[in-house]
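Protein chains in written order, with the numbering used here: chain A, 27 to 334; chain B, 65 to 663; chain C, 1004 to 1373.
Among the hints, erroneous ones may be present.
[Said to hold, decoys possible] Computed, partial: chain A to chain B, Cβ under 8 Å:
1) I42
2) S126
3) R128
4) E147
5) I271
6) V309
7) F311
8) F315
9) P322
Hints in this document: simulated from the structure, not taken from any laboratory.
Cβ atoms here follow ideal geometry from the backbone N, Cα and C, with glycine treated the same way.
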Amino acid sequence: MDLTLLADPVFLAQNIVDGAARGALYAVYAMGFTLIFGVLDIINLAHAATFTWCAFAGWLVMAQLHLPLPAGLIVSMAAGAGIAVLLELLAFRPLRRTGSDRLSSMISSIGASLIMVSIAEAVFGVETRRFPDSALDPRPFLLGGAGGLRVSRAQILIVAAAAVLALALGFFIRRTRMGKAIRAIAANLRASRLLGIDVDGVVVITFVIAGALAGAAGILVGLLSNNIAPGMGAQIELRGLAVVILGGMGNIEGAVLGGLILGLVETFAIAYLPGGSDIKDAVAFLILFLILLVRPNGLLGRKSAVDA
Amino acid sequence: MNRAGLRRFLPGAITLLILAADAFISVRNHADLDRLLINGILALSAFATLHARMLSLANAGFMAIGAYASAILSVKAGLPVTLSFPAALAICGIVAVLIGLPVLRLTDVYLAICTLGFGEVVRILIVLLPGLTGGPTGANLSTGFPYEAMRRVDTGMIAVFLAMLVYLFWTMAPSKTGRAFRAIRERPQAASTMGIDIVAYRSLAFVMSALIAGAAGAFYAHSVGSLDNGDFRFTRAVDILGYAVLGGSGQWFGPLLGAGLLTALPILLRDSLGASIGFLRSFAQLPNILTGLGLVLVIVFLPGGLAHVFRAQVTARRPHALPPGRTGEGHAVPGPGVARPAPGTSALLSVKGLGRVFGGVEALSGVSLEFDEGGVYGLIGPNGAGKTTFINLVSGLSAPDSGTITWRGREIQGHRAHEIARAGIARTFQGVRLFDEMSVLENVVVGHHSRVHTNLASTWLRLPRETREEKAAMNEAAVLLARLGLSDLAGRPAGALSYGDQRRVEIARALALDPRLLLLDEPAAGMNDAETASLGSFLLELKRRGYTLIVVEHHMDLIMGVCDRIDVLNFGRLIAQGTPAEIAGNEQVLEAYLGREEG
Amino acid sequence: MILAGASALFALSAFSLPAAPLPPEIKVGAVETLTGDNSAYGISIRKGLELALSEINGQKLLGPAQIRLIVMDDKADKQEGISVFTRLIDDEKVSAIIGPTLSSTAFAADPIAQKAGVPVLATSNTATGITAMGDFIFRDSLLQSGVIPGTLAAVAARTHPQKAALLYEATNEYSKSEAEVFKAALQKLGIQLVASESYSKGDSDFRTQLGKLNARRPDIFVISSLIGEAIPVLQQAREIGITQPIVGGNGFNSPNVLKNAKEAAEGLIVGSAWFIDSTAPKSQSFVTAFRKMYGSDPDQFAAQAYDGLYILATAIRNAGSADRPAIRDALAAVRGYKGALGTFSFDENRDPVHPSVTLVVKGGRFVLYQ
């Protein structure tokens, strides 16, 4: 291990920046995922496929129609909302009607994911796409000259977007009527129905939000990594699972905190551990196992993970 | 073979017939047959956990461990496959125990996620240990695993192994272990109150699943002839899940059927429609799309899977006829067999300062009560007063936040439900929790769980003890049913009964535990006057036999008629206590009930 | 003596009539990955094969005999590969098989063909040990060890680097073995490998690894990636300020990389078995015909597949029969075949021998590195 690296403050700062950006990305993805679980008790493993389709939607808008980034972002989030609602109507609502358990909806989401990714493969082919440079200037800001800290516009955008989305979501859940309805359903779906809440309608809104978040994540990943392909969901799906378990299932703040932690830990593992890049995948899983064994409800936990 | 025996045989036979036809039509070479058999074995590994209500996605990981372990031991270490195979299984078993024990307390989806992670970690390890496994290059000629050395099994061996597994599952299904799994699968909490140690059974299921998946992996390695970590991706776990979902995970032949169809159909499609059709040529993703679609459609419209179609057959094949010689008359309810303790000895059950908080609400607070042996105690109060919570705490489904529960001199608060059941406390549930898919007789036999002294060894080896114990349990169950007037319904699936009948079955099931204390949660709910009166006399009969009863009820006639003492709860606290006469005239009690009605 | 005779026939040009009558239809199987992550290669290979097929049959290279190509998908699954091979060998009774796409499938399926005595010609397997599986197994895909040392030597001669840094994909056998070849070649040239980092399949952010490598101040970067990661790796490398020359492995050798990485690809050096502006005898006509048939540019996989079918057809012609062992012998005797890949021969291990090139990206195109 190169000890000079350890002492290098610029390297450290760089890793913090890179890790925070990575983590913010995970956070945006995980927020949508954990929302659906928190409210409906559904592990939606088709969230990653939604995210993939949104990235392609953004690509279509920006690379093929040559529209600017804000348009791409809006279209992507709208696509996400639409796909998520479709998922709810076709893959989850019928199960709710028959009173199936959580495992059934998880299995249903696996099937839906398979369909979505296969269609993406058939339609777009397996080659990698990227957003055009016109979307966002790829040149980074250099602080402190050539050997100094570099922060790219994409990284800034991601962190800003994550913060804005988290605050907006929090506000929405806590301060609006619809948010209250969502919380009511999360607490007790049956009772909410009896109290006259239009459960189906609120569920749709929940999926709209979660889908839009997936869309945002899709665009942000595309900006950060410029690597859009039908299989792009696999890696982030596993990271997303680790993040929501770390933060506590159903816990929005937990998703943000968990995402940041995972992003930083992964980056620091690559940067400072010898052979770190080989084991960084295992980092996410290690965190997953540890949390499930030691603190199953997550750091900020809420929903119960363990048998009575 | 008489008709009952034929019916027993039928579903499994039909499955095997379908699989054979499958194989014959589409699978025409050894390679495809190997694949069909290995997928069948994998399907059974999924069944092992699913029929204990666990969604474990770890089979891909254990398959990898089994594959690499057997490959390394036979090719690198030079062991003959007769040694490397069991050794590989043993390794899988050890890993299963090591990672399984801590992980098994997790509930369904968390277990699924954890096991998903396990599979990925195994794949990472394979890549990180190239000296041992060949790393990302894989175990093949270039890394010291020559093809001829790897190829150690032929189709016959795999078929024999699968047949052996089928035998094991087939004989396990109607046995005590099989019943326990089926009970856990339907209603884990109710199962635990019948004395079934859920964690132990789940551990057993997990280890079984690991061993079977490991075996499949070893066969895979030795039939395919090379390995790499791409063989054990998450997609493999999804495929295995697909077999279980399509086929249905209620019976062992379900996943097998699913595996057969999902393996053979793509081959059939490929070979008959094949590469010559232009549309299919350019739409290579079609099989994947169909698989995904299949998963969703089956789980939504046919959640029991295809094997669900055989459900009626299966229920019928469980012994439903009363064992010969028992027409179910005249035999007294077996009592606890203990003489009434002399007055002055300490209480049978005593709770002190019992408290339980749920999300900020005090469900119970500072409740102290004593119950003497042989008494019938009523527990009443408005809805939400904490009565069911009380029963849950005493029976062990829940742990109190404060206070103690002492049973026969020992503190039992916080103990697990199955331990408390075995210590002599049985309960029924508010809103019946029978095992709907089992017959009425079988439901009651589940209650005998802790008193049937058989295990998997005696089941699989068909020891005489197995038949003896099973018969004895069946007889006792039949007698219990008779005493409650349910003999006619013995063979019907419990879910098909009327509510009132179901209640009585539940009581019979609780009695099968041979308990000293019976906790009855609203036993008269859904009964008419005649039935309630009949229940009342039955409870008094139980009292005569020496049982202690705590009855939660709203039917005042019943309570007043049978109870020695009535305890009244409201908002989690004890507000009154006394004889029926005293309680009837109690102002506070009246207010508690009436006050509620106003709101 | 038979070999000498066959070689002589081979050395003659392609269009003379076959020596003995062949059956009217000769079945050749093609097993490729047409679905899933690696299908880009399989699809490209199929395009090359089908172009060659149309030409061979159209120009009656085998006289009145026509080749019927049976293309099947192995789904990058070993068991499917074995199943498909068995079908082709036992049911369709093909005379030879081309493929499979991935080396991992080959290790499982090729032994079946070897045992049955069916010649296999791989057009994209580059792992060690493929041809060692038996004397019926051939390949025309140049090994990494045949290309990379030449590339690095050319770079070293021009820029005299002292230190190098390596980035590769740890979870992929192709990438990993290419990395090993890079390491060995660097060592041989006396260039010190100061840092080595890896990433896993599906990763999309390589900045940390690249930054760590750059902190050691290498003179050149050597990178082994598959095409999907090659593009972001290039972009992110330039983004974080890496200006040193980058030598890429074969995954970088694709028109797609140029299209997507754009300026980030300028200066990229790649050693290649084939490139689109190659002046090899049949290369330009191949490129033209490919563009006409598919409306896009061919890549190396297509070129190797195209030549592969031609080599097989020529072997059949020279063998004068659709008999499997005869074809095998004729294949082994191939020397000096002039195709899109250049002047091609099999060596004594049935591995390919043909000149490779070192390319550099200039002005958005691959040109020869000089």
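Given hint A:I271 near chain B, where the shortest CB pair must fall under 8 Å: 7 Å, holds
Given hint A:F311 near chain B, where the shortest CB pair must fall under 8 Å: With a closest approach of 4 Å, the A:F311 hint holds.
Hint validity - A:P322 Cβ closer than 8 Å to any chain B Cβ: 6 Å, holds
Restraint check, 8 Å cut-off on beta carbons, for A:E147 near chain B: 5 Å, holds
A:R128 as an interface hint toward chain B, with CB separation required under 8 Å: 5 Å, holds
Given hint A:S126 near chain B, where the shortest CB pair must fall under 8 Å: 6 Å, holds
Interface hint outcome for A:F315 [beta carbon to chain B under 8 Å]: 6 Å, holds
Chain B contact restraint on A:I42 - CB to CB distance below 8 Å: 26 Å, violated
Evaluation of the interface hint that places A:V309 against chain B, nearest CB under 8 Å: Violated. Min distance 10 Å.
In summary, the structure is inconsistent with hints 1, 6 from the numbered list given earlier, while agreeing with the others.
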